[in-house]
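If you're matching them up, the sequences are chains E and Y in order.
To convert, take the position in the first sequence, counting from 1, and add 250; that gives our numbering.
To convert, take the position in the second sequence, counting from 1, and add 250; that gives our numbering.
Watch out, some of these pointers could steer you wrong.
Where chains are identical, the list cannot tell them apart; a pair therefore holds if satisfied intra-copy or between any two copies.
Straight line, CA to CA, 20 Å or less: simulated SDA-like cross-link-like pairs of lysine to any residue [what the hints assert, rightly or not]:
(1) K319 / A340
(2) K366 / Q356
(3) K291 / K374
(4) K307 / A339
(5) K307 / W372
(6) K321 / T257
(7) K319 / T257
(8) K307 / R285
(9) K325 / A339
(10) K325 / S270
(11) K373 / Y301
(12) K319 / T292
(13) K321 / F288
To be clear, the hints were calculated from the coordinates, so they are not data collected in a lab.
Please read these numbers as outputs of a predicted model, since none were measured by experiment.
One-letter residues, chain by chain:
There are 2 protein chains.
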Amino acid sequence: MIDVSETLPSITTIQQFLSSSPTSGAISTFTGITRNNFNGKTVTHLSYEGYIPMAIKVLTSICNDAKSKYKTVDKLVAVHIIGNCPVGAASVIVGCCSPHRREAIQCTEYLIDELKGRVPIWKKESYVGDEDNAVWKENVEWHDGRRRRVMVKGEKKKNDDKK
Amino acid sequence: MIDVSETLPSITTIQQFLSSSPTSGAISTFTGITRNNFNGKTVTHLSYEGYIPMAIKVLTSICNDAKSKYKTVDKLVAVHIIGNCPVGAASVIVGCCSPHRREAIQCTEYLIDELKGRVPIWKKESYVGDEDNAVWKENVEWHDGRRRRVMVKGEKKKNDDKK
Numbered sequence: 251m252i253d254v255s256e257t258l259p260s261i262t263t264i265q266q267f268l269s270s271s272p273t274s275g276a277i278s279t280f281t282g283i284t285r286n287n288f289n290g291k292t293v294t295h296l297s298y299e300g301y302i303p304m305a306i307k308v309l310t311s312i313c314n315d316a317k318s319k320y321k322t323v324d325k326l327v328a329v330h331i332i333g334n335c336p337v338g339a340a341s342v343i344v345g346c347c348s349p350h351r352r353e354a355i356q357c358t359e360y361l362i363d364e365l366k367g368r369v370p371i372w373k374k375e376s377y378v379g380d381e382d383n384a385v386w387k388e389n390v391e392w393h394d395g396r397r398r399r400v401m402v403k404g405e406k407k408k409n410d411d412k413k
Numbered sequence: 251m252i253d254v255s256e257t258l259p260s261i262t263t264i265q266q267f268l269s270s271s272p273t274s275g276a277i278s279t280f281t282g283i284t285r286n287n288f289n290g291k292t293v294t295h296l297s298y299e300g301y302i303p304m305a306i307k308v309l310t311s312i313c314n315d316a317k318s319k320y321k322t323v324d325k326l327v328a329v330h331i332i333g334n335c336p337v338g339a340a341s342v343i344v345g346c347c348s349p350h351r352r353e354a355i356q357c358t359e360y361l362i363d364e365l366k367g368r369v370p371i372w373k374k375e376s377y378v379g380d381e382d383n384a385v386w387k388e389n390v391e392w393h394d395g396r397r398r399r400v401m402v403k404g405e406k407k408k409n410d411d412k413k
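This is chain E alone, in the form it adopts within the complex (with noise of 0.2 Å):
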């Protein structure tokens, strides 16, 4: 199950589809939502952004690659939303079954280092009291020791229309 769109299907939706795989004892998942701050500013929601059949592309690829990486995982879950999400929502929703547990937990730690290093969809922050200042949210992410690609989207600020 792969998406990327406004509304992200419901978890109960996700496990119904990961509890479908009748040889699978084990069922993992991963849900990241909206923190109500990021480096002591509060923040009011995230919107995110992003071209969907390339997102969608890349989702692909790695729930492939984490095919072959963990043989024994049965159906996998990588879907991500566009647009707003507000404090407590869930933003993205990775998973998996497999017939014993370590593999779905270790598949799912997988999909969802994969997905912030790899999956081209840029976050922007706002916060209370300064919305006018929302920033977009680069990717940082570290992977066996290096770097991986990070995303900086740049945006056009309301100041510079006046210079």
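Let chain E serve as the given structure and place chain Y on it in line with the hints.
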């Protein structure tokens, strides 16, 4: 959230509980479901049996240990079914939330490992065409290179009555 009962909380209830921590950005869950096979035999269903107050006491102790070990983890879930559990249904769900993903995932793995090794709940597997010889399964777990407590429950077989 700790529970041992014939009806587990839904995954939606659990996810909502874990999402209610505004400082957390990461939710990790693990669900154990009944597989349709074991050692080449077709499993029809599992049954779980245990002394509920003792099981809850051990689950509480495991959650306290997890909170000590993973300091940033906020809310935790550990629920286990008692009674019948058909193929594809959840018998156990553990999970937690934390500001960042690594601790959430590691803590979830710790919770399920400790639960499998310490909680005094016995599992009975029933096989297709062999219902009279359902077996109580011991809980065989390896941890830190050593075998954890193994729980075996004896059962008087029907044939024994004829002797």
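Each hint tested on the structure:
In this homomeric assembly, K319 and A340 never come within 20 Å of each other (Cα to Cα): the closest approach is 27 Å inside a single copy and 26 Å across copies. In the homo-oligomer, the alpha carbons of K366 and Q356 lie at most 20 Å apart both inside one protomer (16 Å) and across protomers (18 Å), since each shortest distance falls under that limit. When the C-alpha separation of K291 and K374 is checked against a cutoff of 20 Å, the pair qualifies only within one copy, where the shortest distance is 14 Å, while the shortest distance between copies is 52 Å. Proximity of K307 to A339 under the C-alpha cut-off of 20 Å is found in neither arrangement, the shortest distances being 24 Å within a copy and 32 Å between copies.
Taking the shortest Cα distances, K307 and W372 sit within 20 Å of each other inside one copy (16 Å), while across copies they are farther apart (45 Å). In this assembly of identical chains, K321 and T257 lie within 20 Å of each other by CA distance neither inside one copy nor across copies; the values are 30 Å within and 33 Å between. Taking the shortest Cα distances, K319 and T257 never come within 20 Å of each other, neither inside one copy (30 Å) nor across copies (35 Å). Neither within a single protomer nor between protomers do K307 and R285 lie at most 20 Å apart by alpha-carbon distance, with minima of 28 Å and 32 Å respectively.
Taking the shortest Cα distances, K325 and A339 sit within 20 Å of each other only across copies (16 Å), while inside one copy they are farther apart (24 Å). Proximity of K325 to S270 under the C-alpha cut-off of 20 Å is restricted to the intra-copy arrangement: shortest distance 9 Å within a copy versus 28 Å between copies. Taking identical chains as interchangeable, the C-alpha atoms of K373 and Y301 lie at most 20 Å apart only when both belong to the same chain, with a minimum of 13 Å there against 49 Å between chains. Taking identical chains as interchangeable, the C-alpha atoms of K319 and T292 are never at most 20 Å apart, the minima being 39 Å within one chain and 28 Å between chains.
Proximity of K321 to F288 under the C-alpha cut-off of 20 Å is restricted to the inter-copy arrangement: shortest distance 19 Å between copies versus 38 Å within a copy.
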